[in-house]
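Listed below, chain by chain, are the residues.
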Amino acid sequence: MYTKKLTPWLYLFPALAILGFFLIYPSFHTLYLSFFNRDSSMFAGINNYLYAFTNRIMLTAFRNNALWVVVFTTLTVFLGLIFAVLFDRVKYEVIVKSIIFMPMAISFVSASVIWKFVYAYRPFHTPQIGVINALLRAFHLPPVAWLIERPWINNLCLIAVGVWVWTGFCMVVLSASYKSIPKQFLEAARVDGAGEWKIFWKIILPLLTPTVVVLATTMVVFVLKVFDIVYVMTNGNFSTEVIANRMYKEMFQFRNFGRASAIAVVLLLFVLPVMLFNLSRFKREKL
Amino acid sequence: MMTKRTGRILSRVLLHTTVIFIAFLWLIPTVGVLVTSFRPAQDVGNSGWWTVFENIFTSARFTLMNYKLVISRLGIGRAFLNSFIITIPSTIIPLVVALFAAYALAWMRFFARPFIFMVMIALLVVPLQLTFIPILYIFNKLSLAGTFPGIWLAHTGYGLPLAIYMLYNFISGLPEEIIDSASIDGASPFYTFLRIVLPLSVPIIASLVIFQFLWVWNDLLVALIYLGGTPDVAPITVQISSLVGSYGQDWELLTAAVFISIIPSILVFFGLQRYFIRGILTGSIKG
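First to last, the sequence lines map onto chains C and P. Residues in the first sequence are numbered consecutively from 1, following the numbering used here. Residues in the second sequence are numbered consecutively from 1001, following the numbering used here.
Okay, chain P solo, but in the shape it has when bound (with noise of 0.2 Å):
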């Protein structure tokens, strides 16, 4: 009969397997990609990428000449910069105009308050396709399509409702000791503002920053709609779904693309991980 000792050890085995498989099992395509991408064209259409591990220090040949390709060649240097061309305003601006909207929300008493606090939640999640037709349609007319300052406006419209609704969770818990007493000292509410409420959301407004950027930065079909694929200002989401049309079986190309398209969201995901999750937190659970 099992003791209880090895019973124990044996369930610890069963979960530290589990555990490292489930992980290994989400890394896989990942790591793929990552290998595929340094692997001369014909190994990768004769052999599986994983064939590199087993004859790393023989047969396993590794080249930089898909990166060369993809970013000079097939577009993707030019749509990483439109990318961040598009990602940078597109984060700024919502953020700004979000930030005097919760503060107002939040603070001042006004008529029609609780209306327009009502139609904000109701934007939350009005679908962006109910708004693509009248958009465009009026951007044609203002030369706005296929421009940067469009996409820069289509995408405050669209981050606004999710930015109001964080900031106002944050900056309405803020103590009401310290609004007030700024407030009996005669402090303008800009002054409140600007000296008080800003400095105190700098948690929040990190979160917001990460999920803005990396929704704009990840984004294609709001770039597909305003921007139409044209490769002057085509974002690298827009240009890789088009590579996957015409060099769909080239895969060392294609891996080289879209690993080039995550390095900066991982790198701001990872060093700003922390904001990240703070963000979910208050923008899911607590709602």
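The following block holds chain C by itself, in its conformation from the complex (with noise of 0.2 Å):
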């Protein structure tokens, strides 16, 4: 008897004990670190979150995290569903996905050295190295310095490399979707006369909906923690610090713990709601 109640403890101590270790624990020490001084030798109050909240800096990062969240979300989404529903209607369908998945194979550092490569300026009058610049040049533009233009245009290329990277992601779980709609729903609606603009908003996004949330919420809670395209880049100069790098660089740059602490529960702050709407989910579902 003792052993059947003790089996399951046995399969489960291994994870248990790696979780507690690595994920639990060490959050309740943050939140506690959070509250002290740089190297926790003195308690500082709340010291650290009205610097979270009102250094010019973090309200950049604050800024640039919105914009990261809105703009990345909404195109991964939008277009995983747009290109899902058009390149089922090609027989190289396999190819063309294969080419829009294959940058998920990609870290995110040689995606940013890929595309520091694309963005890649020189002077007026000298040969253009870099795609887009080359292609100004061709309808005798001066170039854009892609990178350094700033706020909105050096934050939007950086949320394009995002966009490169995890569009196949959500083209292929939409893609998916898609074809489990029962094909004569389409076609009945071609019968009575339906155009495909109205087929798409009309039939096919209702019925993808549950889909496209799951993604999105998905997608906002990958993207508040951007890190490497950031720091690779740019590394946050030009006004495009995010949450993540700002903590990286109060960590190790400055060596304040209280601060980089504060931040980081910040980030769980935000990714919260999402957890408590998992939680009750799951409450509802599985158990």
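Worth flagging that the hints you see were computed from the coordinates, not collected in a lab. Check before you lean on any hint, since a few could be wrong.
What the simulated footprint calls covered on chain P by chain C, stretch by stretch (three residues with Cβ under 8 Å from a Cβ of chain C suffice, anywhere in the stretch; the number is not a length) [claimed, not checked]:
#: 1; region: 1030 to 1039
#: 2; region: 1126 to 1137
Sample of chain C residues lacking proximity to chain P, with all beta carbon distances greater than 12 Å (derived) [claimed, not checked]:
#: 3; residue: Ala66
#: 4; residue: Glu149
#: 5; residue: Pro151
Small disclaimer: the values here were computed from a predicted structure and weren't measured. The C-beta atom is built at its ideal place from N, Cα and C for all residues, glycine as well.
Two chains, each in its own frame: build the complex with the hints.
Put into structure tokens, the structure is as follows:
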């Protein structure tokens, strides 16, 4: 009898021990550290949070994270949806889908280098080696310093890298849902004389809404923590700072563990609604 | 007036043009990197990579020098090896630990099961940033910072929630009769696990292997935190990001380094794309 009661815990023990050590305990410890000064030697009250919510660069980071969340999520999901529906109509669907999906295998670091090269900037009247500025030159337009032009152009250029990588993910998920829609639905609408546009908005989109919602939350949670692209391409210079890069700087560059902890806690606050939403959904469905 | 037939042909042409244009757009950045990595340094600085297609039979020159240089002189060879040393155990360990835990959660009844389940769901979205400072502190005390075992453990901890979640979704969906009949026949839980659950779970294990492999291979942040950029142990992502700092304008070198970093992940990705997509679908849709 004893062994029977113990067995599940035997199976769970390694996982629980590791999760406890690497995720649960440190989360609480970080929360604790966020109320202390830079080397955790003195209680600091809410000073670190005041810094996190009022410092000028932190505010820039918040603005940029908001921009990432809105633009990245909208574009990945929307383009993923368009691509899924569009590619379903051609015979070489597998090939084009692989092409869009391929960047998923590339690290953000490599993707950043790839795109830095696309955005490469040289002064006017010298040969351009970046694709986009070469195109501008072909139309006799002056080159643009894509990663420096603040605050909108450079931030949007960074976001474009993320979109290039993650649209394939959204496309694959949405394509699977789209293919599960019975084709008679669409045929019936066509016979009734509905145009393709109308079919997309009135039939396809409503049927895919649950998938779109799950996908969008996944993208939001993911992109709130965006780090690699910004770290490699601009390191947060020229008003491109984001929360996760700021946390890294506070931790390693400035060695201010109090502030770094507070910033990490702020990140958690942002994903908390999603966590609660997931939990309530699972309570309903699985338990 | 346009007939229905020409209208249809026109819309087919429009469809194909759009699809091919999109695929082309998605490919250009990678093609540029591939071409540039084989061009001599002077050419890269003087003309765009696309010019090789105009001069392919005349003045275009190609070289393997860039690869030779980054592998032997710029530490990419060493980093490439390190990436494998980091990635392989970091893929296998969490998988094994998660298999045991997912099996217990799916097919054993015990006290606190719902609670443990909720904790796992909550941990899915906890930002890693929340754990860095306390763990790094402990790693420093135990001399695990800057070592391979340290980062294997860290990746195990961070990979577990998704691994357990995906495996749970799959294993709990296995037919009840099979599991039950085994235990009626007197098989121990371990026997059932080894001989029945494991063989049936091969597809999801394959998906998870790819997920975790790509995640660790492409990771920058966790490596930066726990390995701290020491060249002896730095993975290829860290090495590339430091080359961006020191060789930012030497595109022929950066592109060669990037291309080397992409090869293993692209091979894994295209070789096992089917499992990868299945993994995405069990991980995000059914969720």
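Hint-by-hint comparison with the structure:
no.	hint	verdict
1	1030 to 1039	holds (count 4)
2	1126 to 1137	holds (count 10)
3	Ala66	holds (17 Å)
4	Glu149	holds (18 Å)
5	Pro151	holds (22 Å)
When each numbered hint is compared with the structure, no violation occurs for any of them.
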